[in-house]
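Colleague: Using the sequences plus the hints, can you model the full thing?
The UniProt record's numbering applies: residue 1 is where the first sequence begins, and numbers increase by one.
If you're looking for bench data, these hints aren't it; they were derived computationally from the structure. Predicted, not measured: the structure shown is a model, and the values here were computed from it. One or more hints might be untrue.
[As the list claims (entries may be wrong)] Dumping the calculated PhoX-like pairs for lysine-lysine here, alpha-carbon to alpha-carbon at most 20 Å:
#, residue 1, residue 2
1, Lys187, Lys274
2, Lys158, Lys94
3, Lys187, Lys198
[Stated by the list, open to error] Cβ-Cβ distance ranges computed for the label pairs, FRET-style:
#, residue 1, residue 2, range
4, Glu248, Ser69, 48 to 54 Å
5, Lys187, Gly20, 46 to 52 Å
6, Phe117, Thr19, 24 to 30 Å
7, Pro87, Gly20, 16 to 22 Å
8, Asp105, Pro143, 35 to 41 Å
9, Lys94, Thr159, 37 to 43 Å
10, Phe117, Lys49, 26 to 32 Å
11, Arg257, Lys49, 56 to 62 Å
12, Leu39, Pro263, 38 to 44 Å
13, Gly214, Arg257, 52 to 58 Å
Yeah, the Cβ is synthetic: ideal placement off N, Cα and C, and Gly gets one too.
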Amino acid sequence: MPELPEVEVVRRGLAEFTTGRTIDAVEVLHPRPLRRHLLGPDDFSSRLKGQVFATPARRGKYLWLPLASGDAVLTHLGMSGQFRVQPVGAEDEKHLRVRFRFADDRGEVRFVDQRMFGGLSYSEGGAELPAEIAHIARDPFDPLFDDDLFVASIRRRKTGLKRALLDQTLVSGVGNIYADEALWRAKLHYAKATETLKPLQAREILTHAREVMGAALDVGGTSFDALYVNVNGESGYFERGLAVYGQEGSPCPRDGRPIRREPFMNRSSFRCPKCQPVPRHARW
DNA sequence: AAGGCCTCCTGAGAGC
DNA sequence: TGCTCTCAGGAGGCCT
Numbered sequence: 001m002p003e004l005p006e007v008e009v010v011r012r013g014l015a016e017f018t019t020g021r022t023i024d025a026v027e028v029l030h031p032r033p034l035r036r037h038l039l040g041p042d043d044f045s046s047r048l049k050g051q052v053f054a055t056p057a058r059r060g061k062y063l064w065l066p067l068a069s070g071d072a073v074l075t076h077l078g079m080s081g082q083f084r085v086q087p088v089g090a091e092d093e094k095h096l097r098v099r100f101r102f103a104d105d106r107g108e109v110r111f112v113d114q115r116m117f118g119g120l121s122y123s124e125g126g127a128e129l130p131a132e133i134a135h136i137a138r139d140p141f142d143p144l145f146d147d148d149l150f151v152a153s154i155r156r157r158k159t160g161l162k163r164a165l166l167d168q169t170l171v172s173g174v175g176n177i178y179a180d181e182a183l184w185r186a187k188l189h190y191a192k193a194t195e196t197l198k199p200l201q202a203r204e205i206l207t208h209a210r211e212v213m214g215a216a217l218d219v220g221g222t223s224f225d226a227l228y229v230n231v232n233g234e235s236g237y238f239e240r241g242l243a244v245y246g247q248e249g250s251p252c253p254r255d256g257r258p259i260r261r262e263p264f265m266n267r268s269s270f271r272c273p274k275c276q277p278v279p280r281h282a283r284w
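Modeller: Printed below as a string of structure tokens:
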């Protein structure tokens with residue numbers, strides 16, 4: 001499940017294989033991942049033919065491949081999206097959706113996506129920052145991320161803490177896994193009412209999010225199954241570093257109490273019942 | 001207007 | 001054995 005660290009690993013991998021290369025042809029094998037490109041797959045392919053890739057960029061979980069023309073290919077991995085680098089002629093992956101062929105003989109780049117929550121689109125003038133993601137907040141690793149603004153914004157919200165952390169217009173890059181891990185490190189419950197956060201608590205959440213995502217980035221991202229792999233097909237291996245996510249019944253690393261899994265927003269939240277107790281003021 | 005719920009997708013695994 | 005059900009969840013869209 002790609003969140004910021006996994007997407008950054010993919011960005012770095014793609015940088016090595018796409019930067020400076022000239023696109024020869026783009027083959028769209030399934031229309032679904034092109035749904036955000038309203039002019040359709042054929043238009044997507046024809047616009048890209050002959051263009052040259054610059055260095056890939058990222059904001060939160062969004063990734064884009066700038067082109068020398070000033071436009072860009074905007075992508076999101078969704079739940080199961082992958083970029084793979086393969087020799088020309090290698091067998092197609094079962095869920096291969098888009099293939100980029102190049103003018104040189106250094107192999108092709110493939111977008112593979114089982115569940116197709118992810119996708120690609122052509123962003124006119126999007127090399128610097130695609131207009132389509134102008135609403136996405138900077139992520140905590142962005143040098144221009146404003147900690148004070150985040151603290152003020154989250155304390156103005158009237159919602160639960162984890163809902164706020166997952167809101168990509170407030171802070172981007174955090175998903176279900178790292179939200180749970182950051183909350184555990186901060187010893188806070190996911191339903192704590194955001195308006196009751198002390199400024200220091202809001203600031204500490206940021207620190208914990210940076211630390212846990214930074215640790216995951218150091219080891220190449222988190223993965224639980226074959227759905228996430230970097231561009232070479234290698235899985236991340238941060239799962240052993242997770243304190244609560246997916247750890248139902250296992251002892252809390254701090255106090256040994258069994259980790260609980262609870263339904264939250266049609267998915268799951270994991271917490272320690274002792275060090276992350278239900279707060280007095282909660283918003284579920 | 002902000003907050004929150006629904007939907008899109010496929011396949012693995014559980015249960016009967 | 002084979003069917004059905006549940007779960008995984010990012011984020012746009014839409015309703016209140």
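Colleague: Taking the hints in turn, state whether each one holds.
Modeller: Checked hints:
1. Lys187 <-> Lys274: 9 Å, holds
2. Lys158 <-> Lys94: 44 Å, violated
3. Lys187 <-> Lys198: Judged against 20 Å, a Cα distance of about 14 Å means the pair holds.
4. Glu248 <-> Ser69: 48 to 54 Å: For Ser69 against Glu248, whose Cβ atoms are near 49 Å apart, the range 48 to 54 Å holds.
5. Lys187 <-> Gly20: 46 to 52 Å: Since Lys187 and Gly20 have Cβ atoms about 47 Å apart, the given range 46 to 52 Å holds.
6. Phe117 <-> Thr19: 24 to 30 Å: The hint (24 to 30 Å, Cβ to Cβ) holds, given that Phe117 and Thr19 are roughly 27 Å apart.
7. Pro87 <-> Gly20: 16 to 22 Å: 19 Å, holds
8. Asp105 <-> Pro143: 35 to 41 Å: Distance hint for Asp105, Pro143 holds at roughly 38 Å.
9. Lys94 <-> Thr159: 37 to 43 Å: 40 Å, holds
10. Phe117 <-> Lys49: 26 to 32 Å: 27 Å, holds
11. Arg257 <-> Lys49: 56 to 62 Å: 58 Å, holds
12. Leu39 <-> Pro263: 38 to 44 Å: At roughly 40 Å between Cβ atoms, Pro263 and Leu39 fall inside 38 to 44 Å, so the hint holds.
13. Gly214 <-> Arg257: 52 to 58 Å: 27 Å, violated
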